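Novice: Use the sequences and the hints to build the structure in full.
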Amino acid sequence: GQNIDQPTEMTATEGAIVQINCTYQTSGFNGLFWYQQHAGEAPTFLSYNVLDGLEEKGRFSSFLSRSKGYSYLLLKELQMKDSASYLCAVRVYNNNDMRFGAGTRLTVKP
Amino acid sequence: NAGVTQTPKFQVLKTGQSMTLQCAQDMNHEYMSWYRQDPGMGLRLIHYSVGAGITDQGEVPNGYNVSRSTTEDFPLRLLSAAPSQTSVYFCASSSLGLANNEQFFGPGTRLTVL
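Chains as they are written, first to last, in our numbering: chain A, 332 to 441; chain B, -18 to 95.
Bear in mind the hints are in silico, worked out from the structure with no lab data behind them. Owing to the predicted nature of the structure, the values given are computational and were not obtained by experimental measurement. Check each hint, because a few of them may be wrong.
To be verified - Quick list of the computed label-pair ranges, beta carbon to beta carbon: (1) B/Asn9 <-> A/Leu385: 31 to 39 Å; (2) A/Gly389 <-> B/Asp7: 26 to 34 Å; (3) A/Leu385 <-> B/Leu79: 15 to 23 Å; (4) A/Leu385 <-> B/Thr(-4): 24 to 32 Å; (5) A/Gly359 <-> B/Val69: 43 to 51 Å; (6) A/Phe360 <-> B/Ile35: 19 to 27 Å; (7) A/Asp383 <-> B/Thr(-4): 44 to 52 Å.
Glycine included, C-beta positions come from ideal geometry on N, C-alpha and C.
Specialist: Quick look at the structure:
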């Protein structure tokens, strides 16, 4: 079966750094994605990792370890607008089948 | 570019009724997909298509049909609505030519089945 796990909720302070973890056990692996979803809105793409290591994009970074089935999303200099759900997703089998975790709801407090 | 559009935004059905959720994209993307999102369960893939005339089942296809007669449109049909199909439905598209296959999501359709 497919299993993608991430914490349900996290809270952090404005200006701080937060790390959201994702572990996966899937049949096949062809890339890991992070999406951001504000309440009542559609998910939007944040990052993509297919090789081990860190991908940095402004305040957001994503890390992947394929041997450990592990990824994290790092958010720096948190802003109030970063309060949202963060979805971890794995592309499995082939290029077309995507499996999502349940999402981590991040609340940023002043 | 309008991106990915979905209609309707909200819909209430009675058990047993049928309806079609519309999805269109103007980015000439080969890949289109339908997801449902339920509390605590994340997005689950219903059906997907890699091009006109080609469709395949995702994780939760039962009770839904799709067709892809053009590159732009990918409608989702509920054959006989059930309360278990109450959910938020998202359509998404991506270019298969890009390595990261970034998916662009539509605004969603909130469906309630009574």
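Novice: Are the hints correct? Go through all of them and say.
Specialist: Now for the hints, and whether the structure bears them out:
1. B/Asn9 <-> A/Leu385: 31 to 39 Å: This hint holds: roughly 33 Å between Cβ atoms.
2. A/Gly389 <-> B/Asp7: 26 to 34 Å: holds, 28 Å
3. A/Leu385 <-> B/Leu79: 15 to 23 Å: holds, 21 Å
4. A/Leu385 <-> B/Thr(-4): 24 to 32 Å: violated, 50 Å
5. A/Gly359 <-> B/Val69: 43 to 51 Å: Roughly 28 Å apart at Cβ, these two residues miss the hinted range, so it is violated.
6. A/Phe360 <-> B/Ile35: 19 to 27 Å: holds, 24 Å
7. A/Asp383 <-> B/Thr(-4): 44 to 52 Å: holds, 49 Å
Taken one by one, the earlier hints fail for this structure at numbers 4, 5, listed in ascending order.
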